[in-house]
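2 protein chains.
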Amino acid sequence: MNIKRFLVHGICCISISSYAQFKDPRPVKPLPNIIVFLVDDMGWEDTSVPFWNQLTVLNKRYRTPNMERLASEGMKFTNAYATPVCTPSRVSMITGMNAAHHGVTNWTSPRKDIPADAPDDELGAAPWMINGLSPVQGIANTVYATPLPSLLKAAGYYTIHAGKAHWGAMGTPGANPYNMGFLVNIAGHAAGHPQSYLSEENYGNMPGKATAQAVPDLEEYYGSGIFLTEALTREALKALEEPIRRHQPFYLYLAHYAVHAPLQADKNYYQRYLAMGLDTAEAQYASMIEGMDKSLGEVMDYLHTQKIDGNTIIMFMSDNGGLSLAPPRGGRPHTQNLPLRAGKGSVYEGGIREPMLVKWPGVTQAGSVTDQPIIIEDYFPAILEMAGIKLYDAVQTVDGKSFVPLLKQPARVDSTRSFVWHYPNKWIPDDGPGINYKSALRQGRWKVVYDQRSGAAELYDLQTDIGEQKDLARREPQKVKALLALLSQQLQQWHAPMPVIKATGKPLPWPGAGGL
Amino acid sequence: MNIKRFLVHGICCISISSYAQFKDPRPVKPLPNIIVFLVDDMGWEDTSVPFWNQLTVLNKRYRTPNMERLASEGMKFTNAYATPVCTPSRVSMITGMNAAHHGVTNWTSPRKDIPADAPDDELGAAPWMINGLSPVQGIANTVYATPLPSLLKAAGYYTIHAGKAHWGAMGTPGANPYNMGFLVNIAGHAAGHPQSYLSEENYGNMPGKATAQAVPDLEEYYGSGIFLTEALTREALKALEEPIRRHQPFYLYLAHYAVHAPLQADKNYYQRYLAMGLDTAEAQYASMIEGMDKSLGEVMDYLHTQKIDGNTIIMFMSDNGGLSLAPPRGGRPHTQNLPLRAGKGSVYEGGIREPMLVKWPGVTQAGSVTDQPIIIEDYFPAILEMAGIKLYDAVQTVDGKSFVPLLKQPARVDSTRSFVWHYPNKWIPDDGPGINYKSALRQGRWKVVYDQRSGAAELYDLQTDIGEQKDLARREPQKVKALLALLSQQLQQWHAPMPVIKATGKPLPWPGAGGL
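Line by line, the protein sequences give chains A and B.
The end of the first sequence is residue 915 by our numbering, with every number in the run present.
The end of the second sequence is residue 915 by our numbering, with every number in the run present.
Looking at chain A on its own, in the form it has when it is part of the complex (with noise of 0.2 Å):
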């Protein structure tokens, strides 16, 4: 450890004089500054820009033309997941770890020690980090990792967050992102999704009503009719004015709270979607789409008037698949991300892959696509490569892959590589598709879809079938037989949490040991 440390010190030098004056007369290539803008439970067909090989009802629905822009000028990811859920997809995204390798594998309740499992009559909670994420050692029920941002801060980058951070409890260290190594927070705390997204109702925080999930620090925006969204971007470029006056290399984390429930219309958009033909909720959650978007664009317009877009990377991601549980949502339930089955909270394709856009001028091509999968976990080393970062100092042991070789050359393809998902946690209290108790492999383009408490497992050939329709486990037992140890195997190595049977106290075996 000592002498990683030793470096990661040698590496922070460096950084930090590529913005202070340097001596040396040969040119120094300054850091990019990089932007993350993070969407809550968007859906990989909520936009205009279309992530398949066709353009799908939804594709025609929404209007993201910042998202257009976006890809047109960077890469799009065809392949790229998430987890079935916030919390862990967040805790991967700032750790590096798989989600069964971190064990927060739920979204985490913003107060101490509850978890958010529903209940089941046979089976109890698996033994899950239900506080979330701390940066300090020895917090009962958080796993303990260093925080990316943490990395970056000490490169010499000028750390922002502004948004949803929920990557730990309050009472708990990993509740405030000003642990997580960012230098400056805006309304990001513990909770999962803000309690109104409206300036009239102050973003929650109406006396004597607000809950644990009003909006912090942004009192100046109360009343002022600015939706949540145009509030949070209005905030985060006024922060980038400060790294950008220094000409310090900027790390920006915009993890905007829309399009989470609950749903609400962003008037600057919504009578267009109802003109549609939409329902309410549909309209509703259509503006907020389309206002996020805004956001997007607004942040690429202050990157060219400040004239630093040809030295910024900005990544765009969802940390799940869309809702689609209806209500909140309209129409029938599950039937939000067709042709992808299910959506939030599923194993399935719907509620893991995600919208994925990355644009690093000078290494992406413009308007190229990749079709390789990666998974949330990969943005740790990826930004640390980014930010010239190559040894670090965290106590963890990184699961993701940089994604910086795909940028370079988008043909390559690794169908070795295998991807997991594990959530031994009851979402729902009523079953949904691919909900409550499941995992999943992904190799090449097969996925193994297991379920915790039966130890029943089917088997899909994404490359055909996308929707997950036609389950091939009976025609292909050796396959699932390969996949379920595979899967097996990598959960035993990362030691992740199982349900545990209520009857007996024990956990569930393994995938491919049987189900209860």
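Derived by calculation from the structure, the hints in this document are not laboratory data.
Some clues are possibly wrong.
[Said to hold, decoys possible] Computed list of lysine to any residue pairs in SDA-like fashion (alpha-carbon distance at most 20 Å, straight line): (1) K608/A x P464/B; (2) K428/A x Q647/A; (3) K608/B x P606/A.
Given chain A, work out where chain B should sit, using these hints.
Just chain B, lined up with the frame of chain A:
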């Protein structure tokens, strides 16, 4: 304006160069770090450090060993003044303007457009700036001014806000410390007091019970048993790590919520004061004083450990006199600051005289004392002078005078300078001593106290009568006339707001021209 703007940018570059690598071989004296340690509602004698020529009963009650330490290492100001209530003082400190000039003459409600004034049969509220300070032009009912931290930030300082802000109402830019030029904001917002000091009550953030006073940003301390004062201290010291690592000068504004109501026991100190025979309220208050003093000690210890105490200025101040309303204080009303008359809200000495200490290593003499009066707006030019900022681009005309010359020559006396207090508001429904619709002026040993409603004036010789018990107005009518003329002239020059006579719709006459 353009030439000033050019000059301040020039200064900015020079300042930054002192922490960046600098090619000029001459040694550059580093800019000092600056800490303002501001306490809320702390009275002049609520400390074991005597600020008078004798130890008072109250000095013997309170235990503040760290203030004693700071006094022994730095300079004591025995005649330091603020205004009768919090927002006017805080706006004066951050703008350099007298309260009669900036027009924020009363405390601001956290809610926009709602004056905090108590109703009155005869008088309507003065047209004061009920929404507080705005760093942005064109916000209704605010004073537009350039805040001190934004000037410090532009000059290369790393600016940190921790604790109470209370400069502007929710829904205006002044609500957010980021808009004042702070790079870090811990727990500051539009409210003037905490909903709770107790982590057991999440500092007010209990679901469904939070008011506008629920303290933001401290989720990690919920349920920890850590009193608010200590939580703020820990966060403030954590925030210092960054500028210390960068060798960047910092400005830390550590504005404790303590010792403002609600009075709540800091359990680390409470029992001692109960054992002394104090009633519950007074023991709670004393425990909050000692907890605040502990924080000062922790800051001093931290500077020493980090080896930056030799280049860090610490200033200790309170924003108005000790509260003398009972309840919530124990004992009879308006006796809590004896021998000073009255308390918070009053223009008598009990409401405006403050404990003030300044340590500037290499400048102040250890254990020195000055009796020259100063007032809260003097902090603005003094801090700019400490930071080496000689020319600056502020939109307001500054009324304060730097007290830096006093730090070097404590015996300097200026008996010609006049000090003005102007409170054209009704603070509480029933009048109290020096409370509601009052003004005052001090010049040298003399102080005139003016009742706006009746037009009556009192005269005191503070040198022989610190308790303002012997009204000399009848004996010295010429003195009264002269001082009232000075007061009137100054208020007119500043376009000071005056209460409005309901019967006529006209403002009350200026001092010296009779009352209602």
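The hints, checked one at a time:
Proposed proximity of K608/A and P464/B is contradicted: the alpha carbons are some 42 Å apart, above 20 Å. Distance check on the hinted pair: K428/A and Q647/A sit about 13 Å apart at the alpha-carbon level, within 20 Å; holds. Simply put, K608/B and P606/A have alpha-carbon atoms about 8 Å apart, close enough for the 20 Å limit, and the pair holds.
Hint check: a violation occurs at hint 1 only; the rest are consistent with the structure.
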